[in-house]
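S.K.: Position chain B against the provided structure of chain A, taking the given hints into account.
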Amino acid sequence: MNLEEYKGIYVFIEQREGEIQNVALELLGQARKLADQLNDKVYAMLFGHKIADKAKALIAHGADEVLLVDAPELKDYTTEPYAQAICQIIRERKPESLLIGATTIGRDLGPRVSARVGTGLTADCTKIEIGEKNEMLMTRPAFGGNLMATIVCKNHRPQMGTVRPGVLFAMDADANRKGEIVNYEVKFDSSKFRVKLLETVKEENDLIDITEAKILVSGGRGIGNKEGFAAMDGLAKTLEAEVSASRAMVDAGYIGHERQVGQTGKTVRPDLYFAFGISGAIQHVAGMEDSDLIIAVNKDKYAPIFQVADLGIVGDAKQIISKLTERLGK
Amino acid sequence: MKILVCISNVPDTTTKVKFKEDNTLLDDSGIQWIINPWDELALTRALELKEDAGNSVNEVCVINVGGSLTEATLRKALAIGADKAIRIDACPSDAYHVAGQIAEYLKENVYDLIFSGIESSDYNGSSVGAMLAEFMNYSGISSVTNVNLDDDIVVSRAIPGGKQMIKTETPFVAIVQKGIAKEPRIPSMRGIMMARKKPLEVIPAAELPVLTQTVKFELPQAKGTCKMIDPEHVEQLVELLKNEAKVL
Chain A
1 MNLEEYKGIY
11 VFIEQREGEI
21 QNVALELLGQ
31 ARKLADQLND
41 KVYAMLFGHK
51 IADKAKALIA
61 HGADEVLLVD
71 APELKDYTTE
81 PYAQAICQII
91 RERKPESLLI
101 GATTIGRDLG
111 PRVSARVGTG
121 LTADCTKIEI
131 GEKNEMLMTR
141 PAFGGNLMAT
151 IVCKNHRPQM
161 GTVRPGVLFA
171 MDADANRKGE
181 IVNYEVKFDS
191 SKFRVKLLET
201 VKEENDLIDI
211 TEAKILVSGG
221 RGIGNKEGFA
231 AMDGLAKTLE
241 AEVSASRAMV
251 DAGYIGHERQ
261 VGQTGKTVRP
271 DLYFAFGISG
281 AIQHVAGMED
291 SDLIIAVNKD
301 KYAPIFQVAD
311 LGIVGDAKQI
321 ISKLTERLGK
Chain B
1 MKILVCISNV
11 PDTTTKVKFK
21 EDNTLLDDSG
31 IQWIINPWDE
41 LALTRALELK
51 EDAGNSVNEV
61 CVINVGGSLT
71 EATLRKALAI
81 GADKAIRIDA
91 CPSDAYHVAG
101 QIAEYLKENV
111 YDLIFSGIES
121 SDYNGSSVGA
131 MLAEFMNYSG
141 ISSVTNVNLD
151 DDIVVSRAIP
161 GGKQMIKTET
171 PFVAIVQKGI
181 AKEPRIPSMR
191 GIMMARKKPL
201 EVIPAAELPV
211 LTQTVKFELP
221 QAKGTCKMID
231 PEHVEQLVEL
241 LKNEAKVL
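As given, the protein sequences belong to chains A and B, one line each in that order.
Read in order, the letters of the first sequence correspond to residues 1 to 330 in UniProt numbering.
Read in order, the letters of the second sequence correspond to residues 1 to 248 in UniProt numbering.
No lab work stands behind these hints, which were simulated from the structure alone.
By construction, the Cβ of each residue, glycine as well, lies at the ideal position given by its N, Cα and C atoms.
Accuracy of the hints is not assured; some may be wrong.
Stated by the list, open to error - Among chain A residues calculated to face chain B with C-beta under 10 Å, some are:
no.: 1; residue: M138
no.: 2; residue: T264
no.: 3; residue: I294
What the hints assert, rightly or not - With a cut-off of at most 35 Å between alpha-carbon atoms, the simulated DSBU-like pairs for lysine-lysine come out as follows:
no.: 4; chain 1: A; residue 1: K187; chain 2: B; residue 2: K163
no.: 5; chain 1: A; residue 1: K266; chain 2: B; residue 2: K197
no.: 6; chain 1: B; residue 1: K20; chain 2: A; residue 2: K226
no.: 7; chain 1: A; residue 1: K301; chain 2: A; residue 2: K226
no.: 8; chain 1: A; residue 1: K127; chain 2: B; residue 2: K227
In isolation and in its complexed conformation, chain A is listed as follows (with noise of 0.2 Å):
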């Protein structure tokens, strides 16, 4: 492999039903920052069907060229689709790195990709820099982010990562920046497309990710019961608010699992994270520790919780919630 012939940041711009994702926009604006320092370009990867107004915006948030995948395969992403494009892509332009958002369709993608091109990846990456030789040094969280690990991928190009969503910055939109859209023609083999998709069931409880929430008002045994849930549902609407809950109150059946904070659930960063009547074992901890600020409410003034915590009070989580709710409401 001749290193030297392999260039280009080039960014998969994840979009679900035709919206562009945000985690786009920010691999972007880090993509421009780093072609910036590496004399290089930004070349955008835009798959989807019937969604060539979308390239505009694209060049605006920093990609100098806009790879722009137009196939009835790709209208909603299905993986070996998806794969087989950025693969072509891989072996065609010989890109020296290639950045995946790390979302449910990223960590499919990833390392499919990896293993199909044959090289490294590094998954859930929170932070990407230069090194000395201008490789890609590419840092991600370990042990449930009790360790970073910065890795790089030596020998082998693309240098790929997948980078978590809400960690990096998009750029501000400048319309005067100058671009390409180019019209990207993928050879499809089907033979190898053999899952067959049956049915998308859309729940309505379900529609909002808390991964994506900007505020999370989240409960632990604390709460209790029902009624403490509800008057956590209280404060959530006043703040305009996500209701989450540790792996205990999902386990009671309180509230579904698909809003349980942790390490077998999600991992969140909100701006602000109340955790109501939650003790902050490791792996609830593990889930939450990355958002803005911290605010624990808990009647042990031992729990662990208030190691990670910005903001502590010691007492009840229901007597606070409802104070809370009181005051903000006015």
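M.R.: Just chain B now, kept in the frame of chain A:
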């Protein structure tokens, strides 16, 4: 039908992990090792499928890439109910390397359904299942919350805002998340006794490349101290949120 469950050996999630040699190496003294929580749920579902007389599952095998240290964890999987265990004798270096090792085994030993947890609770790479599917040229379905092996194989997977039902054919890799089984099984006394007699095969590692290197480990920055507020003065909290943190 034969099911293979990929098992990652991880530190117990409640043990405080420490690092040595300038934070480049996990200090494994005093660590309790367990089956990665997602893999444990996958194993539970595999055993449920085997017990269901309506389908033809006749073997559940567990596989791990690791040193001899991981055998206690594999014995636990046998005690829970797996029929046999395979240990590929290699230090697990990166996802590409681990998935490659398991693929080498699969090329010689046919399984119809391969379960892999969506991530491991140590390095949280979330990549082995999809890479394995790729190396084997199998379909791989991620975020799986249910697998049904009736006449048609229908797999449910979680997507943002709902779920999808997908029809597939064997062999395939199911990358499972929470919900695949209600609760992990606990080994019974009888299971523990029986596990001693079940086969645990150790096979040598294949020569495969490692594509990524960790160049640095760092501990995350310590958090500042928590500022305490009097429960009688909740208004102070509101004040801080509005004026100082400016989040409301």
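S.K.: All hints are to be evaluated individually against the structure, with a verdict given for each.
M.R.: Structure-based check of each hint:
{"no.": "1", "hint": "M138", "in the structure": "holds (9 Å)"}
{"no.": "2", "hint": "T264", "in the structure": "holds (5 Å)"}
{"no.": "3", "hint": "I294", "in the structure": "holds (8 Å)"}
{"no.": "4", "hint": "A:K187 - B:K163", "in the structure": "holds (29 Å)"}
{"no.": "5", "hint": "A:K266 - B:K197", "in the structure": "violated (39 Å)"}
{"no.": "6", "hint": "B:K20 - A:K226", "in the structure": "violated (46 Å)"}
{"no.": "7", "hint": "A:K301 - A:K226", "in the structure": "holds (25 Å)"}
{"no.": "8", "hint": "A:K127 - B:K227", "in the structure": "holds (29 Å)"}
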